[in-house]
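In case it helps, the numbering used here puts the sequence shown at residues 40 to 353.
Because the hints were derived from the structure by calculation, they are not lab data. It is possible that part of the hints are untrue.
Taking lysine-lysine pairs in the BS3-like style, the calculated list, with each CA pair at most 30 Å apart, reads [stated by the list, open to error]: (1) Lys122 - Lys144; (2) Lys62 - Lys77; (3) Lys62 - Lys144; (4) Lys62 - Lys122; (5) Lys144 - Lys77; (6) Lys77 - Lys122.
Note that the structure is a prediction, hence the values are computed from the model and not measured.
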Amino acid sequence: MQVNTSAVSGLYEFGPFCLDPVKRVLLRDGAPVPLTPKAFDTLLVLVQSNGRPLSRDDLMQAVWPDSFVEEGNLTQNIFVLRKALGSGDRYIVTLPGRGYQFVEKVREVEPEKQEIKKDGSAEGTRPGVAVGQAQSRGGLGWVWPLLALLALATGAGLLLRTGRGSRGGVHGAELAAPAEAAVPARRSLAVLGFRNLSGRPDEQWISTAFSEMLNTELAAGNQVRMVSGEDVARVRVESPLPDVASLSKPSLQHLRQQLGTDLVVLGSFTALRERDGERIRFDVRVQNTSTGETIAAQSVTGIRDQLFQMVAQL
Numbered sequence: 040m041q042v043n044t045s046a047v048s049g050l051y052e053f054g055p056f057c058l059d060p061v062k063r064v065l066l067r068d069g070a071p072v073p074l075t076p077k078a079f080d081t082l083l084v085l086v087q088s089n090g091r092p093l094s095r096d097d098l099m100q101a102v103w104p105d106s107f108v109e110e111g112n113l114t115q116n117i118f119v120l121r122k123a124l125g126s127g128d129r130y131i132v133t134l135p136g137r138g139y140q141f142v143e144k145v146r147e148v149e150p151e152k153q154e155i156k157k158d159g160s161a162e163g164t165r166p167g168v169a170v171g172q173a174q175s176r177g178g179l180g181w182v183w184p185l186l187a188l189l190a191l192a193t194g195a196g197l198l199l200r201t202g203r204g205s206r207g208g209v210h211g212a213e214l215a216a217p218a219e220a221a222v223p224a225r226r227s228l229a230v231l232g233f234r235n236l237s238g239r240p241d242e243q244w245i246s247t248a249f250s251e252m253l254n255t256e257l258a259a260g261n262q263v264r265m266v267s268g269e270d271v272a273r274v275r276v277e278s279p280l281p282d283v284a285s286l287s288k289p290s291l292q293h294l295r296q297q298l299g300t301d302l303v304v305l306g307s308f309t310a311l312r313e314r315d316g317e318r319i320r321f322d323v324r325v326q327n328t329s330t331g332e333t334i335a336a337q338s339v340t341g342i343r344d345q346l347f348q349m350v351a352q353l
């Protein structure tokens, strides 16, 4: 199984959502829902499964056909999708020990055969028709991709204006914003990962999954500017850090120079196998890269299958 877009001409509709495999956009009531490329691929594979359960191996092979990735990458994508869809496990359910299943009813509708409802959102011509059986009835299906592009362009323009203004790189009145509308600069933050204290190398994926989930949750709050996981991984390869749960001031200042980050999140985890399942304890620290001080510390404990609940609690 692989991600299939070339042979798809229709749109997939479920609940208030519309998934366009060709333009690679997910819309909710006509508004674009931001997704990473791999999260989009994961959703597309699940939707195209026609309600069949999919094992973790099948999903990973479909989304990363030419790469070897850890299971934590898939766990992160499922977490991102559930957050984007906003309904917990209404759409994607976890099958313990097996994999995942997309359980919402899906309709396939030709793009040019959508109708516009009075509230402005798109719907298929026969909302109750199963996949592959929708009938045509005229349409303005091109409106939604156009609106999505306009929304993305508007967002990009706002980001560009904010970014240039914060660097003082605007000449004259170009993209100038009123002084009273200025937004305070957000501090940058990098999630470095968590030291594995369990002594079992096969548990290392927990650090990767937890770090990526934490990245997503912190970014959603719009309180800090997140340093990408790719940049963190690159710096860790170029300048290996000591395998500790907190860093010295010189190490933190080095990270500040390499990543441009004001804060770092790091710590350790311990996986304990008990009779009722595997419990995991995370000890998390936030350190200031300029002063070297620890400005926050928190611990959280839960079972392995509840990583995203632990992230939300933190």
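Sort out which numbered hints this structure fails and list those numbers smallest first. Nothing - there is no hint that the structure violates, so all of them hold.
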